[in-house]
Structures are given as structure tokens and as C-alpha cells.
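2 protein chains.
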Amino acid sequence: MVGTLTPPYYAVIFTSVRTEGDNGYAEMADRLAELAMNQPGFLGADSARSGLGITVSYWKDMESIRRWKAQADHAAAQRTGQEMWYASYSLRIAKVEKEVHFPPAS
Amino acid sequence: MVGTLTPPYYAVIFTSVRTEGDNGYAEMADRLAELAMNQPGFLGADSARSGLGITVSYWKDMESIRRWKAQADHAAAQRTGQEMWYASYSLRIAKVEKEVHFPPAS
Numbered sequence: 001m002v003g004t005l006t007p008p009y010y011a012v013i014f015t016s017v018r019t020e021g022d023n024g025y026a027e028m029a030d031r032l033a034e035l036a037m038n039q040p041g042f043l044g045a046d047s048a049r050s051g052l053g054i055t056v057s058y059w060k061d062m063e064s065i066r067r068w069k070a071q072a073d074h075a076a077a078q079r080t081g082q083e084m085w086y087a088s089y090s091l092r093i094a095k096v097e098k099e100v101h102f103p104p105a106s
Numbered sequence: 001m002v003g004t005l006t007p008p009y010y011a012v013i014f015t016s017v018r019t020e021g022d023n024g025y026a027e028m029a030d031r032l033a034e035l036a037m038n039q040p041g042f043l044g045a046d047s048a049r050s051g052l053g054i055t056v057s058y059w060k061d062m063e064s065i066r067r068w069k070a071q072a073d074h075a076a077a078q079r080t081g082q083e084m085w086y087a088s089y090s091l092r093i094a095k096v097e098k099e100v101h102f103p104p105a106s
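Quick note, the sequences are listed as chains C and U, same order.
Position one of the first sequence corresponds to residue 1 (my numbering), numbered consecutively onward.
Position one of the second sequence corresponds to residue 1 (my numbering), numbered consecutively onward.
Each statement offered as a hint is correct.
It does not matter which identical chain is used: a pair holds within one copy or between any two.
Here are the computed lysine-lysine pairs in the DSSO-like style, where the Cα-Cα straight-line distance is at most 27 Å:
#1 K98 - K69
#2 K60 - K98
#3 K95 - K69
#4 K60 - K95
Hints listed in this document are in silico derivations from the structure and should not be mistaken for laboratory results.
Since this is a predicted model, take the numbers as computed values, not measurements.
Pulled out of the complex, with its shape left as it was, chain C reads as follows (with noise of 0.2 Å):
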């Protein structure tokens, strides 16, 4: 789970429905959450499915994110997760003002 960060920053809040079967998904997973890792700005991102499919990542500003959006291979996916894997998703792009956790931060 993605601790604290310091607002501003922003999230990209990405709901998905999966196709049927796994059409290289899994693969392509891991290997988009190892590039994301290594891009400019990725503060972090926390995953769920339980039929619907929501991923936060979170970034340091609006230009990480736009480089991100461009990264070649993460492109590449893009256009297959619109042939292959996902039967539809949503991508909301947003600024984190204020954030609470619990247990507080020590």
C-alpha cells in the first residue's frame, strides 16, 4: 500500500473490466509496473480486482504523467489493451490536495 507523500501530486485513477482469458494480460502487467517504476516522477501505485479492476498510480506532477502516457512500450499496450484485454476502462486524471492515514505517520 503506497504510504505518505507530500500534496501536491497527482493520481491517475485507471478502473478496468478484463476481457475473457489472459491474451499475454499478466505479462504485460509486470512488465508495464517494472517500467512504470523506473519512469521520472512514479511516486507509486496500489492495484485491485474483484470482477472490476482499479489501479492509482501516483505521480509527481502532469509532465511525469504526460511522459509516461508517451513511453513507447507503455503506447504499445495502450493499443492492445483496446484490441485484447480490457472490454472497457476508465482514466481519470487528478491532484491529490490532502491525504489522512491510519495508523497516523509516526
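Fit chain U to the known structure of chain C by using the hints.
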């Protein structure tokens, strides 16, 4: 899955790790979801859990979120949440600036 909304609006990103056992959690979650739906300014919510749980709720503005935080039954659930249901959680408030959908909204 929450569909097309019109930015700017607000997201509350709630990430949590549960304690063992139900302890009345499922009943509270159902009740709170119903309460939230009837709050002024509530726009929708998505949830997923696989070990980590992520719930993202969407709100018209900060004032709607403040009212929801202060709502009496919700405030009681917040206390019990810290005592019984959650080993840890993070709550982030973010202003959604942009959204993209696939398939594109018609």
C-alpha cells in the same frame, strides 16, 4: 463502473487493509454505500478488493465531501473502522481534471 462525469469534480481514494473476520463490516459497508448514494453531491463509486481494497468515490465538490465526513452514521463507522475493521488505510482527496473512456462515450 462509474461512467462519464464532467470535470472538475472530486475523488476520494480510500485504500485499506482489513483485519481478520467480518465483525459487522459487510453490513456496515452496505449501509454506508446506501447512505452515500443519498448524500448531496455524490456522483458514484467503484470498489475492488484482492488483499488490498480500493474504493474510489466521486463527489461534486469539497463541500459535499465535508458534509459526508460529518454525517453522523458515517462518523460512527469511522471510529469503528479504526477500532475493528481496518489494520491500516489511506484516504486521499483529489480534484479530477480530466477523464478518458474506452469505448469512447457516445
